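Participant: So you can see what is in the structure, the chains are spelled out below.
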Amino acid sequence: MSVSQSVRSDRRADGTGKMTPDQERRFLRLVAGCMDDLRRVVVGFVGHADDADDVLQETLLKLYDGFDGYDPDRSFRAWACTIGSNAARDFLRRRKLRRGFGFDDDVLSKLASVRTATHELTELRNEKFRECLGGLPTKDQEMVWGCYGRDERIKDWAAERGLPASTVGSRLRKIREALLACVNRKMGAFQ
Amino acid sequence: MSERSERAREIYQLAAEMCSGTLGPESNERLQNLLRSDVAAVQDYLEYLDVHAGLLGLAEADTPPAVGRLLNRAVVERHRPERAEWFGPRVFAAGAAAVVAACVVVAFVFRAEPVAPSAGSVIAVAAGTAFEGDAVEIEDVVRVGDVLALTKGFLSIEIGPGATLDVVAPAKVRVLSDRAVWLGRGLIAAAVGPAGHGFEVRTDDAVIVDLGTRFQVHKDESYGTQLRVTEGKVLATLKDDDGRDVKRLELLAGQSSRLDRVTASADKIDTLFDFDAAYATVSAAKGDVRKFSGAAKPLSGEIVGLDLRVSGLDTRGYAYVIPEARGVVFDEAVTLATLTGEVTVPAGLAIDSYLVHFDNEQSKAFEENGYGRLAFGSDVVAVIGSDEALAATDPRFGSPGTRYETRPSRGTEADDDISVVGDGRSVKFDLRVDARFRFDEFRVLVVGAP
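Chains as they are written, first to last, in this note's numbering: chain E, 294 to 484; chain P, 8 to 457.
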């Protein structure tokens, strides 16, 4: 009943060996412990939820394949975020080639270096974000939980309540901006 | 409006387009120019996207099994011949993805072994639970045909629409469908909601059909099948060797029965099996926690007189959830220091307490954070995490005889993330530890029965 049986089968098929169940369990727990950070790094580059899902999946595969080489004396979080950052940058480069527009390498590098330099500040902002989230009206919290960031869910959520999807989408955006303003206010007070 | 805030507003607008996937070539160029202008612009941009990422993360479980499922999906994606984006703009991506997914499904039909349908999932595995054969982890999917064979401890599964089963060792259970299980030996306690009406527990002796209820079934070789109804009613049918109905009994709350195929007997009589004693430890260990996720685990066995000082009860990377005082009522309103500020508990409100205990000091597993989620059966009133507040609430909410840590750093720190989520009855936590100290505790107070 292993949760990643198919991954192990896949690795066997590739002839690249496999993790023992204990290794696999440890791996999944380490990844789960830094998913928030990983998601923040990836979303910081790609923005859209579906793109972020693609990059996160790609990152997980890279982490899984490279876990043998991971040095346990180093921070797993830092290792995972570096791989996530590289995967996101590769994703944007490939997409730029296909679409003909996108971020240039110097902009991607700048995003990566500011992200790294502001790590502690980001942690603090994240704490304030959670405080702000708790202060949202219940209805807004329910809407965020119900459908934030997923176009299909927004449609379903709106349909169930007899609302136009555009109204819900617009409300979610306002909530996001209100939260940002709240975090900024709290950070101002903090600083 | 200052130049800085005007620029920030423009960056937010463009970041919003990035989030919705509608950023066009011109906007992309403008955004790049702004990001090149100075570091503050990049910070504004990342701060906007961090809020977006935080909101996206709310709906994600971020538990090991959830990561495992994401990884499995990634493997399927890896084998896709082409990515949806090759087909053009995002508006066509859903259709293209459906075609690709259909191809993957067809390929699996011909190439892969059939996967048994899912019947439910594991929602609790007590600490120390041992298995005969495949071990089961929290949040594992339970499939039709799966056998759960426990030699020690207990687990809980959510099965079909609205049934929850506690399986208590030593026990062997086979999942027959999302509406039926077979009990080979041991004890099952079933709680079936309205949607699960008709849920069946089968044994070699009988078929027990839920008619909207809570009931317990015990099976052993010596005494056949013993049944006790604690709420609602059930229909129990004794079977013969050929599976034909021999006798039917309708049992109401408080009634019990013994059904034995060998002696062809089925009577509403007191059971020989002591259900109260056998189930007491499960009931005490779970309290009113309806669902455990991630690292959260109930204890199995005695939960009195615990030593919860550092290294007294090593949780080996898990977070043990320990029910404490129940039905605490204050004569006057009391103000508590919680993780989100002061909370006043009104006089007369009954409170149940749960301590979440994470102690990785002895096992020293590097960077094993404790993260997970708990769903309670009633509203969360307060979450207490500071050293001082924990110590101050030990006398009233702690368990008599339990030894609590008194040194500093017992509670949560700023980088630990604990929040009340969803409908106000769930608590999500991420206890971050480092190589210096791997110990954290917090206390959850929920509305209880007086």
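Since the hints were derived computationally from the structure, they do not count as laboratory data.
Small disclaimer: the values here were computed from a predicted structure and weren't measured.
Please note: incorrect hints may appear among the correct ones.
Claimed, not checked - Within a straight-line C-alpha distance of at most 25 Å, the following computed PhoX-like cross-link-like pairs (lysine-lysine) qualify: (1) 275(P) <-> 298(P); (2) 479(E) <-> 432(E); (3) 435(P) <-> 479(E); (4) 240(P) <-> 159(P); (5) 275(P) <-> 293(P); (6) 421(E) <-> 479(E); (7) 432(E) <-> 179(P); (8) 421(E) <-> 293(P); (9) 254(P) <-> 275(P).
Participant: Are the Cα positions of residue 421(E) and residue 479(E) separated by 25 Å at most?
Facilitator: 7 Å, holds
Participant: With the threshold set at 25 Å, check whether the alpha-carbon distance from residue 479(E) to residue 432(E) stays at or below it.
Facilitator: 23 Å, holds
Participant: Decide if the proposed pair is consistent with the structure: residue 435(P) and residue 479(E), CA atoms, cutoff 25 Å inclusive.
Facilitator: 23 Å, holds
Participant: Straight-line Cα separation of residue 432(E) and residue 179(P) no greater than 25 Å?
Facilitator: 45 Å, violated
Participant: Check whether the Cα positions of residue 240(P) and residue 159(P) lie no farther apart than 25 Å.
Facilitator: Since the Cα atoms of residue 240(P) and residue 159(P) sit roughly 30 Å apart, the hinted pair is violated (cutoff 25 Å).
Participant: Between residue 254(P) and residue 275(P), is the straight-line Cα distance small enough, at 25 Å or below?
Facilitator: At roughly 12 Å apart (the allowed maximum being 25 Å), residue 275(P) and residue 254(P) satisfy the hint.
Participant: Under the criterion that the straight-line Cα-Cα distance not exceed 25 Å, is the pair residue 421(E), residue 293(P) satisfied?
Facilitator: The hint is violated at about 33 Å.
Participant: Could you grab the alpha-carbon distance between residue 275(P) and residue 293(P) and see if it respects the 25 Å cut-off?
Facilitator: 30 Å, violated
Participant: Please verify whether residue 275(P) and residue 298(P) have alpha carbons no more than 25 Å apart.
Facilitator: Violated. Residue 275(P) to residue 298(P) sits at ~33 Å, over the 25 Å cutoff.
Checked against the numbered hints listed earlier, the structure breaks hints 1, 4, 5, 7, 8; every other hint is satisfied.
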